[in-house]
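Chemist: The chain contents come next:
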Amino acid sequence: MQVDIQHLNKVYRGGVHALTGVDLTIPNGMFGLLGPNGAGKTTLMRILAGILRPSSGTLTVGEYDGNSERGRTAIKRILGYLPQDLGVYPDLSAREFLDYIGILKGLDERKARQQRVEELLELVSLSDVAGRKLKTFSGGMKRRVGIAQALLNDPRLLIVDEPTSGLDPEERIRFRNLLSDLGGDRIVLLSTHIVEDIAQTCRRLAIMNKGHVIFQGSTVELANEAQGKVWLVTTSGPKPEGEITVVSTLNMGTTVQYRVVGDLAASSDATLVEPSLEDSYVWLMRERRAPALSPAR
Amino acid sequence: MTFDRLRYELRLLGKPVFLTPVLVVIGFALLLAIANHNVILVARSMGASLEVLLPMAAGVVVATVATYDRALELQLTMPRRYHRTASRRFLFILLWSALVSLLTSLMLYVFNYRRLPEQIATWNQPWQFLTWQLTWLSSTLWLVALGLVLALLVRSRAASGALICALSIAELFFHGYFIDNAPLHPIFLFPLTFDPGASYWLTNRLELLVTAAVLLALAWWLLRLPEFLLANAPGEE
Amino acid sequence: MNLLQTMWGVLRYEFRMQIRRPVLWLVFLGFALLDLRAIVSDLQAPNVQSIFMHLSTLQLAATVTSLTNWLPPLGVGILLADRLVRDRRTRVDELLTTLPGTLRMRLLGKYLGVTCASLVPAFLLFLVMVGVTVWTTGNVLLIPACLLCYAAIVLPGMLFIAAFSLACPVVIWLPLYQFLFFGYWFWGNLFSPQVGIPTLNGTILTPIGSVIAASFFSTGRFGEAPPSPVMTGVASLVALLGIAVLVLVALYQFLKWEQARQ
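Chains as they are written, first to last, in the working numbering: chain W, 3 to 299; chain L, 6 to 242; chain V, 245 to 506.
Hints may be right or wrong, so weigh each one.
[Stated by the list, open to error] Computed beta-carbon distance windows for the label pairs:
1) E124/W <-> R256/V: 34 to 42 Å
2) T257/W <-> P266/V: 52 to 60 Å
3) G19/L <-> P266/V: 23 to 31 Å
4) R256/V <-> G32/L: 49 to 57 Å
5) Q4/W <-> L108/L: 30 to 38 Å
6) R335/V <-> L28/L: 27 to 35 Å
[Stated by the list, open to error] With a Cα cut of at most 25 Å, we get these calculated PhoX-like pairs of lysine-lysine:
7) K20/L <-> K113/W
8) K137/W <-> K20/L
9) K137/W <-> K500/V
It should be emphasised that the hints constitute simulated quantities derived from the structure, not laboratory data.
Ideal Cβ placement from N, Cα and C applies to all residues, glycine included.
One chain only, chain W, in its complex shape (with noise of 0.2 Å):
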């Protein structure tokens, strides 16, 4: 199954053009969606969800077309979405709010729902305070109530929109095992301005700045974008100049290690690394920014 989009616009009341001209083929398996804050992910994701409809364009998700409301309703039965902003009910437990959804998702078997349930209570860890009620969750458990409930319908285009914000470095890496494994045969469209989770888990990304897909490809060749670009310079003088970004800053004690991308002015006291994701999407960033519109979301 592929997601395939072509020519998507979307303007919100007021003119703001949250898409612009999107083209994107999503394949089966982990794919990235990288950009900064305003750029038009969530926008995206709430498209492919069937929360908003698009201004124009056309979006098909394997052989349903997301442009009709029948279309956008079986899309529905083989999505699992996990927002940015989970709101959850407080005074529900973590079971029961799972077998709510459940329940709306189509899934009206009692005692095979509530397995399922247990099921994934027991994948992201949280069968112990299973009982408790969602208020008393700290951001991190939320989250995983989060993906437990995008997983209820076995689905077959999972939706996550931010998962690891505000969690924890063990949390993240668990979230991340676990996207990483449930990428076999599904789509998981991961959106994140955070490079590392993409670098950890896809093979392939696109970046959005602006409304715009300003690149699409594997990581692999993401990373080559910044080759020849990226440098380390140690010095106990005045900061790099040129057309620069400084990506890391690290105080040695005497000497100060800056880590850079871009077109450096000559300097005995820089050396040429390997571009990482991150320097790579640095890069691009300062090289193909969009013309000027308004903030997308």
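Take the given structure of chain W and dock chains L and V to it, following the hints.
Modeler: Chains L and V only, in chain W's frame:
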């Protein structure tokens, strides 16, 4: 709808939704019991609670609760469509309010504290009792329909509640205008309280039902617009 | 740290947040339509005009003030009710609790800021009514007289209900408060004691200002009213403002207790 789903939907509405009409009736009845023993006055006042207070309470509750969902974004991704879920919630509130109103009217009837419109005073049973239920039914349906539409249009729980209250107070305060001006009869919510001898009582009740149906159709359409539902009015988060 | 500056800063921003709410203006527009229709036709009715012609400037000002003050306090009370609980809903209160400004100053700033902002459309509506009256009667001296009457008749009641509207939703469900407030407003201000049900209407705790108007200006909503001792008006003013202060103090103590409990 399965029993399991019904259980969850009722839980999500919350106890205050169900307690509000009960507290309104009991509170008002207690106040009357303490303050006054004049049968006519008590009948008039309890009739007013049926026609005014209970419908208003239902309208404010619907305006506040019906379109507020913490997990709205998630609900909008479900194959079970949200406008049906929201409509069911609204229906539960309406049915509960109707049940409380019906029981209250039954108690008033049995204990002879009823105040009948003159138009049906000579009717036979059970038609008199059944038609008398239009006292609260028409006002309730109209106010909850308006509450729902206001909540969806204005996207503010406080404002929609305020407008329901303001409209009710205006009708209470300017009831003379409504009685004296025939064109205003179709939107006069409280004729039994102020004009029990009105010859237009039954027509008024039916007209309110019709306009309530129109408002509900509008609400049904608005519930199918997810962008609308996701937006909050500025400052109303 | 200057606590007054903290309070002033909070006041300014709470004012801005409240005044920017489109629904505040929408609700008062609705009130304006109801009020204008009723009062303009009232002012033009010959029997009303004949009553008003016999009133002094101050009495006429007090009458107009009383006439326009039956709906705006309802709007102020209901639209102010969600301002404190909103901090919890938006999860800003956790951040605010960590800030050095005291809870007392923040609460006072919030109370004054949202009340002043909510009063702006109410006051503008009042000015429109004053304008209509000045136009009808040709008496320009009504303007300062009406301003004086607004301060004496309207403001104490507004401050009274603002205090309750800020405090009560902290402990009871907001929609229930709105509904009870509506019921209270009708029962405690517009319900006639002659109906036979006990009511606060006509006592010194009448926030609509009718007791103050009768006492200071010998007027009611429809012109001259039976004379009432000035001390009754003073008592009403003191009672309304005093209770407002007590409610705010109680709110502050409750919030402090809640914080300590966590």
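Chemist: Are the hints correct? Go through all of them and say.
Modeler: Right, here's what the structure says about each hint:
no.: 1; hint: E124/W <-> R256/V: 34 to 42 Å; result: violated, 53 Å
no.: 2; hint: T257/W <-> P266/V: 52 to 60 Å; result: holds, 57 Å
no.: 3; hint: G19/L <-> P266/V: 23 to 31 Å; result: holds, 28 Å
no.: 4; hint: R256/V <-> G32/L: 49 to 57 Å; result: violated, 40 Å
no.: 5; hint: Q4/W <-> L108/L: 30 to 38 Å; result: violated, 59 Å
no.: 6; hint: R335/V <-> L28/L: 27 to 35 Å; result: holds, 30 Å
no.: 7; hint: K20/L <-> K113/W; result: violated, 28 Å
no.: 8; hint: K137/W <-> K20/L; result: holds, 17 Å
no.: 9; hint: K137/W <-> K500/V; result: holds, 22 Å
Hints 1, 4, 5 and 7 from the earlier list are contradicted by this structure; the remaining hints agree with it.
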